[in-house]
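Visitor: Here is how the chains run, residue by residue.
Protein chains: 2
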Amino acid sequence: MPAAAAAASLVLFAPSRSSSSSPRTLRRPSLLPLRRATVAPSRPRIPRLVAVRANVAIEKETPEEERPETFLRAADGHHGAASASVRARFERMIREVQDEVCAAIEAADGGGKFKEDVWSRPGGGGGISRVLQDGGVWEKAGVNVSVVYGVMPPEAYRAAKGEAVSGNGNSSVKAGPVPFFAAGISSVLHPKNPFAPTLHFNYRYFETDATKDAPGAPRQWWFGGGTDFTPAYIFEEDVKHFHRVQKEACDKFDPSFYPRFKKWCDDYFFIKHRGERRGLGGIFFDDLNDYDQEMLLAFSTECARSVVGAYVPIIERRKDTPFTEQHKAWQQLRRGRYVEFNLVYDRGTTFGLKTGGRIESILVSLPLTARWEYDHKPEEGSEEWKLLDACINPKEWI
Amino acid sequence: MPAAAAAASLVLFAPSRSSSSSPRTLRRPSLLPLRRATVAPSRPRIPRLVAVRANVAIEKETPEEERPETFLRAADGHHGAASASVRARFERMIREVQDEVCAAIEAADGGGKFKEDVWSRPGGGGGISRVLQDGGVWEKAGVNVSVVYGVMPPEAYRAAKGEAVSGNGNSSVKAGPVPFFAAGISSVLHPKNPFAPTLHFNYRYFETDATKDAPGAPRQWWFGGGTDFTPAYIFEEDVKHFHRVQKEACDKFDPSFYPRFKKWCDDYFFIKHRGERRGLGGIFFDDLNDYDQEMLLAFSTECARSVVGAYVPIIERRKDTPFTEQHKAWQQLRRGRYVEFNLVYDRGTTFGLKTGGRIESILVSLPLTARWEYDHKPEEGSEEWKLLDACINPKEWI
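Sequence order for the protein chains is A and B.
Under our numbering, think of the first position of the first sequence as 1457, with each following residue one higher.
Under our numbering, think of the first position of the second sequence as 1457, with each following residue one higher.
Just to be clear, a hint being listed does not mean it is correct.
Chain copies aren't distinguished; within one or between two, either way the pair holds.
Said to hold, decoys possible - With a straight-line cut-off of 27 Å between C-alpha atoms, the simulated BS3-like cross-links for lysine-lysine are:
1. Lys1648 / Lys1784
2. Lys1708 / Lys1719
3. Lys1516 / Lys1703
4. Lys1775 / Lys1648
5. Lys1516 / Lys1708
Calculated from the structure, these hints are not laboratory results.
Please construct the entire structure, taking both the sequences and the accompanying hints into account.
Guide: Next comes the structure, spelled out in structure tokens:
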């Protein structure tokens, strides 16, 4: 697994805060980790490294009662020159966007409130998960930020950035484990009304430190992310509006971005075994570092800040549309496809599941309810058929 | 991926009967493969080898209007000495068990009828998928048999059976692709009532031919399978009855079988990222060839023939138990876990998804409906908590 995928997942989830997911503890008769905890447990927690099959080590997290001002280590933090670092500015941005999106969702929902879980790690890093479940408009809405300090073996680092390392004449240096930093925001919003689309967005920043054993090795960084949406029914004005907002955000930076990242999105969210995409796309990019770093920080910020304007007006138009049981069943079938994509293909999810991440944060992306019917085929020409056609044959919407 | 996994999956599913799952055809504007087909399409179908990432090649299948007497090639078929071969006897057994189980399910359902899909492959092999959906008692019940003739590269063969090949002094022979035969029955039965358990069973037989380039290489064979069940609530008498039937089937052959295959089952149906099993186990085994072949054929037969007696009495007791919305929601959450196991860990499913198998046959194992709630924790001591405890800490039921 390339380090890029590690970065993708590490900012998509926050590692487990209990040790209940460790197979070694399973045979104990106690069900302690399953108790309902209304306050943070008071027993002392011993920080430990999570042993991960995917070759990335991160510390176990500790629940927190309050949000800290920053999850960055002191040297990366909010004071002095450090506060102007890309790490610090990216963390500030994703936390502001989290507040902004949650406020907009709560306002549009008209009743549901986000439940918040906060945690930190002894060596720095942490996260905030916010979930609104069974609200007025949304079935399940999750908006998570996380900051991770970890270590990856040099092979994983080289696998992702090999040409940069060897290209700089450092390939003969015997490098030790590579410390890395990752931060990101990730969100999936599943509305109840079958005419209101699901939205997903995720923006993340990844950076490596120079290795201790090979101080001459260059520091690497890259950006990843995107915004895509998944209706069960096509309203052309909605799809056009959504894609237009993505294009406008892209065009402010480079006219090549929208066509390139739109195609990347269509290619990425592909359910191979179905031969169809999970939705109607948007933009997606990963491992992006071949542009000016400040430009890409500004671009990620622009994209993340565009989410509310791209999505909420569509929800306002569709949230109260009358629907039948059949409309709902079709939405549930498409939710089943969403589950298939996330559990089988999504790099962040599959990596997270294999590395002992905080399961509830990783799987908050799954819908509250989903459905599978044997050999379901929409009638040719029906609205359901049109949606499926667009998932099979991606279109240019603008 | 070891060849054993290939065998497991090849009998779990039947390859896709349309080419719609090939990414190469997606950009065509036609939605032909999605049309509702009430009769088998009359346009000619060109057999082709399925290009598979997992290094196993099988031919594309053709829909059939009627069940053939056998899916075996003529040389393996029902006539003369061939009819006494293990291949022929195993095929007859799984087809009889399919009839038997479907008849028992329809009788207990009291209304639902199985829909049947039959297909064959030009070079031999084929399958019958039967699905009962939204019946009186069952939400979704699938019972599939399939017979596969395929070819695997020598590396895959050696990976699975390496010691047998090299142990016989043939490791220096440069072997070509290895033809194989696989047949199996696979079934998942999801009832509606939350007090009625889900049942899964799967029995399969795998055999290789001697390779053309290395005719001296030994022919290999093995058996795999098991029966396990997944209630949402524990009724001790049900669990004990189910396990007792498994033990009785095992004890007829070897007293070591039940303890060994019971543990194998607990270990296999483990959702690693949750630290819990999907259900309360049963028996499971794979790659089994270190016993007499006739004995293992008789053992697989005994197990498959025990399914109705192990399961249907439990359904009869529970199918009409009154339940609340909360009981149903908990069942749906456990169905979500079933989806997680099948899509993330099950070897047959994950292999099938990656190799262009017939998706509807592979994913018939998924429930009609499922549910995911953020951070759901049953109250300590509740019936839900007891089920979860038993999924985390496997018990000896008899």
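Visitor: Which hint numbers does the structure go against, in order from smallest to largest?
Guide: Numbers 3, 5 - these are the hints that the structure violates, sorted from lowest upward.
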